[in-house]
Amino acid sequence: MDTQMGQLEQEKLWHRRMNKKAWIIWGGWLVTVALSVFCWNIMTENTLWVFVYDAPEQAADLLSRMLPPRWGYIHSLYGALWDTLNIATLGTLLGIIIAFPVAFLAARNTTPSVLFVRPIALFIIVASRSINSLIWALLLVAILGPGILAGILAIALRSIGFVAKLLYEGIEEINPVSVEAVSATGASRLQVMDYAIIPQILPSFLGISLFRWDINIRESTILGLVGAGGIGLQLQHSLNTLAWPQVSLIVVVILGTVIVSEAISAKVRKMII
Amino acid sequence: MNYPTTWKRPHYIVPSASWRIVLYVAALAYLFVGIGSVEVNWLRAYEGLERGARFVQGFLQPDFTSRFTDIKQGIIESLTMTVTSTVAGIILSVPFGMGAARNISPKPIYYFCRGFIAFSRSMQEIIVAIFLVALFGFGAFAGFLTLTYATIGFLGKLLAEEIEEIDPRQLEAISATGGSWFQRFHYAIWPQVMPRLVGLSFYRFDINFRESAVIGIVGAGGIGATLNTAIDRYEYDSAGAVLIIIILIVMACEYTSGWIRKWVS
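Chain order of the listed sequences is A and B.
Our numbering numbers the first residue of the first sequence as 1008 and each following residue consecutively.
Our numbering numbers the first residue of the second sequence as 987 and each following residue consecutively.
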């Protein structure tokens, strides 16, 4: 009798979840599974399964064409690599120069007008962030013609939103005590910014910029696919002429560049912060 | 005793003056060489201004109707691709994430999973998409595979870090009751990492949609293909419509995922 009582009590006490919550979670799973199956069916409507079944053979064939990479080709890649580096670095510079004021206009505590200026700054940030740099490049190549300039502008336009968003969040989180202290001395608005706000955000600003530079190196390696210069242009040429040994060499070079730039940016960021 | 009467603000980042000069000179030299090596066809860029104006006009007066079927097809492909690849990516990233967590997996599995994740993260989606399109043919299936592959790397890494940072006492408590490996995972690890995994999954959903707009450029289906065609045909008003739709969907995803992340945690 005693043990039965104990068990009953235990059952009553130990539920993994409350009943209502259990229903919500169960419903969530049901919706997720149903949605995934539904989406899968629509997505694969136009899939030619012949190609999919064929893929292992194709993969073996492709690998045999790609290996070994054509190492000698590397001598004609130096120029393209330099262009890629320029696209990323100059693009980042241009981007952060524009992002800096935008961030101040977007931060709640520094914007001149919460009602009018802040929404515009936020819209700039959202528009810049939601469009990938490759799409920016696609547009700019159509407008300005192929070349490095389109690449630099594409990288800059994409960087504005990223840097400005992280920076304005940083500005909103600064310590208000030093702002108050500086304004108590009778400092003007610009002086408050110079002595109280900028010293607080400068390390994170540099960190964000370096982080973005590292991402931009990665993105600028592929901008050439749509004609915006750099090593991606060589990739596109090699793909168009089906020169697979060159493609594999370019992919190796891109991987190396990305890894090196990541290491550099991580190291410098550690030094600053 | 003479006290200083003026105060000079110390430099924030590089305190040593000589190093600062070296850095400034190096930066200036790079700018000089770098900008000098950018070849710009100014005549062509000047001609482009007129096209730029037309594009801005197209963006302000988007044309949703004349390419409606193409746009609808692209959006549906992108969205379905995003949903399926995110779900498949989450399912596959759980074992990879567990394998790449130092505290619960044996060394050989740890190195294998870490290696896979590192490789997956260092390759851009678009290069993977080029190869997968070559293997699986044009269309959304190649895009689905690309995004799944990228999702595994992203979620696997973050999940592994999350598992490595769990509170070990709960794990110990469950092992002390004699829980099996699966029970330990289910009762001690999963409840600790689940909220974060849900948040990250929605974040990744957001990224996957954005990426699905890009990989269409190399033939992997989705709204990117529609956009590419519109720009190739110089139909800037249709391109403007596609861009506006992308921005709106990204914003909607971001708000919903932010809301759900708040609700979960």
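Derived by calculation from the structure, the hints in this document are not laboratory data.
Backbone N, C-alpha and C fix where the C-beta goes; we use that ideal spot for every residue, glycine too.
Be careful, since some hints might not be right.
What the hints assert, rightly or not - Now the in silico label distances, taken between C-beta atoms and shown as ranges:
#	chain 1	residue 1	chain 2	residue 2	range
1	B	Thr1055	A	Leu1074	35 to 45 angstroms
2	A	Leu1074	B	Arg1219	31 to 41 angstroms
3	A	Val1124	B	Ser1052	50 to 60 angstroms
4	A	Ile1205	B	Ile1246	27 to 37 angstroms
5	B	Glu1150	A	Pro1206	31 to 41 angstroms
6	A	Tyr1060	B	Ile1246	44 to 54 angstroms
7	A	Glu1187	B	Ser1052	21 to 31 angstroms
Said to hold, decoys possible - The calculated lysine-lysine pairs, modelled on DSBU-like cross-linking and capped at a C-alpha distance of 35 angstroms, are:
#	chain 1	residue 1	chain 2	residue 2
8	A	Lys1274	B	Lys1058
9	B	Lys1143	A	Lys1027
10	B	Lys1248	B	Lys1058
11	B	Lys994	A	Lys1028
12	A	Lys1027	B	Lys1093
13	A	Lys1277	B	Lys1058
14	A	Lys1172	B	Lys1248
15	A	Lys1172	B	Lys1093
How the hints compare with the structure:
The hint said 35 to 45 angstroms for the Cβ distance between B/Thr1055 and A/Leu1074, and at roughly 43 angstroms that hint holds. For A/Leu1074 and B/Arg1219, the Cβ-Cβ distance of about 39 angstroms falls inside the hinted range of 31 to 41 angstroms, so the restraint holds. Distance hint check: the CB atoms of A/Val1124 and B/Ser1052 are about 36 angstroms apart, inconsistent with the given range 50 to 60 angstroms. Between A/Ile1205 and B/Ile1246 the CB atoms are about 36 angstroms apart, so this pair conforms to the stated range of 27 to 37 angstroms.
Between B/Glu1150 and A/Pro1206 the C-beta distance comes to about 35 angstroms, which sits within the given range of 31 to 41 angstroms. Checked against the hint of 44 to 54 angstroms, the C-beta distance between A/Tyr1060 and B/Ile1246 comes to roughly 38 angstroms, which is inconsistent with it. For the pair A/Glu1187 and B/Ser1052, the beta carbons lie near 58 angstroms from each other, so the given range of 21 to 31 angstroms is not met. Annotation: proposed proximity of A/Lys1274 to B/Lys1058 is violated, straight-line Cα distance about 46 angstroms (limit 35 angstroms).
Restraint check for B/Lys1143 and A/Lys1027: satisfied, since their Cα atoms lie roughly 33 angstroms apart, inside the 35 angstroms limit. This hinted pair checks out: B/Lys1248 and B/Lys1058 have alpha carbons roughly 32 angstroms apart, not beyond 35 angstroms. Note on B/Lys994 and A/Lys1028: the hinted pairing is violated, with a Cα-Cα distance of about 61 angstroms set against a maximum of 35 angstroms. Between the alpha carbons of A/Lys1027 and B/Lys1093 the distance comes to roughly 42 angstroms, so the proposed pair goes past 35 angstroms and is violated.
Note on A/Lys1277 and B/Lys1058: the hinted pairing is violated, with a Cα-Cα distance of about 47 angstroms set against a maximum of 35 angstroms. In summary, the hint linking A/Lys1172 to B/Lys1248 is supported, as the alpha carbons are separated by about 19 angstroms, within the 35 angstroms threshold. Straight-line distance between C-alpha atoms of A/Lys1172 and B/Lys1093 comes to about 40 angstroms, which puts the hinted pair past the 35 angstroms bound.
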